[in-house]
Amino acid sequence: MRVFLFFAILVLLCGCDRKSATTSPPNLGAPSTNRPPSIGPQFWKYDLSEYSIVTEDVSSAPGGRWISVRYQRRHGKTTTRDAVVNRIASALQADGWKTAPLPKGKYVLSKIWETSGEDLHFARRAKPGEPKHWFFAQTVYVSKEADTVAIYCEVSW
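Each step along the sequence shown adds one to the number in the numbering used here, with nothing skipped, and position 17 is 17.
The hints are simulated quantities; they were obtained by calculation from the structure and are not laboratory data. Watch out, some of these pointers could steer you wrong.
[Said to hold, decoys possible] With beta-carbon atoms standing in for the labels, derived distance ranges: (1) Thr-99 <-> Ser-143: 15 to 23 Å; (2) Thr-148 <-> Ala-100: 20 to 28 Å; (3) Glu-145 <-> Lys-106: 22 to 30 Å; (4) Gly-105 <-> Gly-76: 33 to 41 Å; (5) Pro-131 <-> Asn-86: 26 to 34 Å; (6) Trp-113 <-> Glu-145: 16 to 24 Å; (7) Trp-157 <-> Ala-91: 18 to 26 Å.
Using N, Cα and C, we set each Cβ at its ideal position, and we do this for glycine too.
Produce the complete structure using the sequences and hints provided.
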């Protein structure tokens with residue numbers, strides 16, 4: 001917790017390289033000048049095809065990168081919270097992510113701020129081909145009506 005708090009304070013003091021978009025979906029696997037292609041695709045192991053991205057926020061600082069994405073269910077699409085939660089949990093667990101308790105402190109470092117005590121939280125260590133000192137965590141908010149999904153991703157090094 002103290003390490004996380006230290007990095008959060010460091011981010012605030014040093015400033016962040018922040019990108020925010022509200023019109024186009026994140027292309028997190030594509031090369032770009034401000035987003036390494038190796039950070040992003042590791043998080044999206046589940047299908048959210050009935051949703052559209054309405055907000056994306058990416059912050060980078062010494063020690064990590066934080067990616068937040070807010071999805072809104074498309075008009076005419078239906079699903080339930082249980083179905084979305086099961087889909088996300090099953091896909092992440094099949095990919096080696098472990099469920100973990102929600103962080104006790106603030107775990108959202110973005111302009112997107114939707115959380116609840118029922119948020120899903122997963123973590124994993126680096127896989128082969130990734131730098132060994134990287135650590136991944138993601139928290140997923142799914143609204144009761146399943147009309148909003150907010151994903152908070154973190155890779156720290």
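Worksheet item: Looking back at the hints listed earlier, which ones does the structure fail to meet?
Response: No numbers; nothing is violated.
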